[in-house]
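S.K.: Spelled out from the first residue to the last, the chains are:
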Amino acid sequence: MEKGVHMAENVCPVHGTILHLSRQLDSGALTEPRTIRISEEILKLLEEISNGHAGKDHLSGVNDRVAEFFKNPGNPQGLKTGTYLKKVLEKHTPVFESHIETGNCAFMDCIRLAPSPCQMACPAGIDVPTYLSLIAEGKDAEAIEVIRHDNPLPWVCGLVCTRPCEMMCVRARIDTPVSIKFLKAFAAERAMSHGLYTNPPQKPLNGKKVCVVGAGPAGLSAAYYLALMGYGVRILESLPVPGGMLMVGIPRYRLPREIIDREVAMITALGVEICYNTVFGKDVTRDSLEKEGFGAFFLAIGAHKSYQLGLEGEEAYKDKGVVDSVMFLKNVALGQRTVPGDRVVVIGGGNVAIDAARTSLRLGAKEVTIAYRRTRSEMPADVEEVEHAEEEGIKFAFLTIPTAIVGNEEKVTGLNCLQGELVKKEDSDRLYPMPVEGSDYVMEADAVISAIGQFVDTDGMDQFQEVQWTRRGTIEVARASMETSQHGVFAAGDAVTGPATVIEAIGGGKRAAEAIDRYFNGMPQPRSPKVPVRYRREKHIEMPASTKMVLKRPEMPMLNIDRRRTMFQQAELGYTENMVREEARRCLRCDICRRCGKCVEVCRDKMGIDALKFGYMDFDNPGETDFRKTAENCIACGACVAICPNDAITMEDRNGERLLMLCGTVINRQKLVHCESCGAIMGPQKYLDYVNKKTQGIRPVTQKALLCNSCSREQSAVFNVATHPVTPNLKKEEACNFEGVKK
Amino acid sequence: MQFRRGQKIEVYQPSKDEAWESYMGDFIGCHGIITDPDTAINDPDALIEVSLQGMGTHRLPQDCLRPLESHT
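For the protein sequence lines, the chains are R and Z, in the order given.
Read in order, the letters of the first sequence are residues -7 to 735 in the numbering used here.
Read in order, the letters of the second sequence are residues 395 to 466 in the numbering used here.
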C-alpha cells in the first residue's frame, strides 16, 4: 500500500474506503461543508457498489466527485481526502469494477446487509426490530424517531397499513406474528400526546425547488424527505384536504381525520407548502412553475377514477342510486352524510368494497350486501376487514354475477344477478366465475355501489409530453429511482403501481426524494431499489424461555357493535400499555439472529447433543420451535456461542449460574460447579459429565474430587513426581521452578 | 395461477411483461410470500406485491411466479 493510504492488504478496497470515509465523517474530522457534502455523496455511491446495487455510471460518479476535491486547492481537508481516494481508486480500479459487474467481493468483506425479514418486507424499509425493542422499553418517542427515518406517517400506517412485515414475521412460524402495526400506532399516539413527536433537524435551504403534484401518502412522503434535505417543496392538491386517498378513500372509523391532520402538520412544519383546490394543468401549469424556479416535478396523482361496471342501467341510474365507490367515499369524507338507500348492494370484493359497505351501514342503511363474483377465499380484502364487516351485519352474496341494474325510471329498485360457479378455462389454472344457466334472480336494492377497481386520472398530465405510460394506464418509471422517461420528472404511488397500498406509496415517495436529490447533484441513479438500512442495534431484552413462548398476541379491543353500526367513531380501540409492552417483547430480534442455523448444526452434528429446537429457522418448511426444550439436553458447552457469527447467542456466568441466551431469551440456566481446590468456575455439572465421558478412554482418572484443569494438572504432576523419579540431571534453577509449581 | 395473500411462491423465470426490469433478474430462484394480490378485479395481468426473502418487497408480474405449495 502506498504512503498515505492506510488500509490493510487483506481488506477489500471498497469496504476499506467505506470504513475510512465513514470514520472521517462520524468522528467530525471533516468540518468543511463542501468536503462533507462530497464525501457523503461518494460514501453513498460506494455503499451501493459494495452491496451490489451500483449501475455502470457509479465508478465514474465517484471519480468525478474525487476530482471535485482538487478544484479548490485552498481547502486542505478536501485535498487530503481527495488524495487518499484518488490513490485507492488508481490502484484498485479493477476491484471496484468487479464489484459493479459481478456483485461479488473476493475479499468477502462486502457482505450484503441483511436486515430482518420484517424490515426487508416493508416497502418503506422501516427498521422494525429496533423500534419494537424501544417500544418494549417504553421509549415510544425514540421508536417514532426510528420509524420516521423511513416513514413520515407512522400513526397513519399504525392504523391502516396492510402490514407485509407481519406476513414475513418469523414469529409466525412459531405461533402468530408480532402485532407490528398496532404497536406503531400506540407509540405514535403516545409520542404525539406527550409532545415528543418531533421533526428531525433539517439541512439548510439549498435554494432548489421541487413541485409535488398530489398530497397523498406518496406526495407527503417525498415532500417530507425533500424538505429535510433542504429543498423548497410545494404540493399541489386538487382536493380541499390533505392525505389523498387516506382522507377521501379510507373511512373515518378506520382512520380518524385528526390523525392525518396531525401528521401532515408535522410535514408542513418543515416549510412544505400545500396549495389546496389547485388542479395541475388547469390552475397552474408546468411552464408557470418552471418560471418560478421549480427544477423537478414529482407526480403522485393517485388512482382516483373508478372502473365502470359496464352493466345495462348503470348510466341510466347514475346518481339515482348508482354511484361508484371512490365518489361515494369521497363525498362522505368531505361531509356529505346522506344514506345512499335502505337496501344497499356493493359490487366488488376488495377493501374498498368493504369500506363502502361499512360506511353505508353507518349512514343508516338497513340492509347492506356485498355481491362478489367469486368465493370468500378469493376475496382480496383483508380477512380482518371482512370479519369486522360480518360482525356489523353486512351480508355477503358470493358467486353472484350482476347482469343489469333495474329501476322504476326514478330510482334503482334492484340488481339483476346470475348465480355463478368457478370453472377452469382451457390452458389456465385460474378459476373463473361462470354463470349457471337459468339461475337469474333480482336482488332488491335502493342503491348500487360499484367497487371493482380504480385507475389513474390522466387529466393535466399532457403537460409532460415525454412521460411514458404503461399499457396498464400507469406512469412508467425506473423502480429504483422512480424517475419517468422525462428527465427531472419523477412519480410514485398509485399513479405508478395502480391501486396499491399506503406503505408502498410512502416507500416510493421516499425513494423518489432520494432520486430527486441525486438528479440535482448529478449523481448516477442506482440500478435496483435500495436495501433497507439498519440504524442501530438495540440491546437484548432478557426474559425466560417460558415467558417468550407463553406470551400471546393480544386481541384488539373493539368499540361495541351498536356504536360501530351507527357511528364513525374509531372501531379499533387500541391496545392498553401493558399489552403493547408485552407484545413488543415477543419479537425474536431477527436483526441479530440471522437464522443461519450454524448453532443448530454444531450442537447436533459436532457435539452430538441436538438441544436446539429452532424449527422456525427454515422459511420453506418450518419445524417445531420450543425455546423451553433447549434446557432438557443442553450442556451449556458454548459451542453455539463460539460459532454464532452475529453474537445472537451469548453465555454468561451470573449468581452461581451459567445462562445461555438467544437474543436475550434465556434458553438454558444451569448451576455452576466450582473447583474444590481453588474455587475456580468449572462449568455446569452436565458439561463436566459430558467432558468426562468423552475423555474417559484416553486419560486415567487420577482423582475423585472436582478439580479444575489447572489443579488437576498440578495433582497429576505431584502424582507423577511421587511415582516416577525425577531425572538427577535437572539443573538447579529448573528444580527450584518445579518446587514452585508444586506449592 | 391465481395467487392469494400469504401464499409462498418462487420467482422461477424472467417475466415477458414490460414491467420486468433488468435488476429483477437477481430475484430468480428467490422464495417469498404474496403480500398483496391484485386488489380488486382478480386480473391475471395485474402486478402483485411479493415479499422475497432477503430481497425486499416488490410488485412483480404474475408470469414469473409459481406457488411453492397449495394454499391452506
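It is worth saying that the hints were derived from the structure and are not from the lab.
Errors might be hidden in some of the hints.
[Unchecked claim] Which residues of chain Z face chain R? A partial, calculated answer using Cβ under 10 Å: (1) Pro408; (2) Asp430; (3) Pro431.
For every residue, glycine included, the Cβ atom is placed at its ideal position computed from N, Cα and C.
S.K.: Each hint: holds or not?
M.R.: Here is what the structure says about each hint:
Given hint, Z:Pro408 at the interface with chain R, is violated; its Cβ is 15 Å from that chain's nearest Cβ, farther than 10 Å. A least Cβ separation of about 6 Å between Z:Asp430 and chain R falls short of the 10 Å threshold, and the interface hint therefore holds. For the restraint placing Z:Pro431 at the interface with chain R, the shortest Cβ-Cβ distance is roughly 6 Å, inside the 10 Å limit, so the hint holds.
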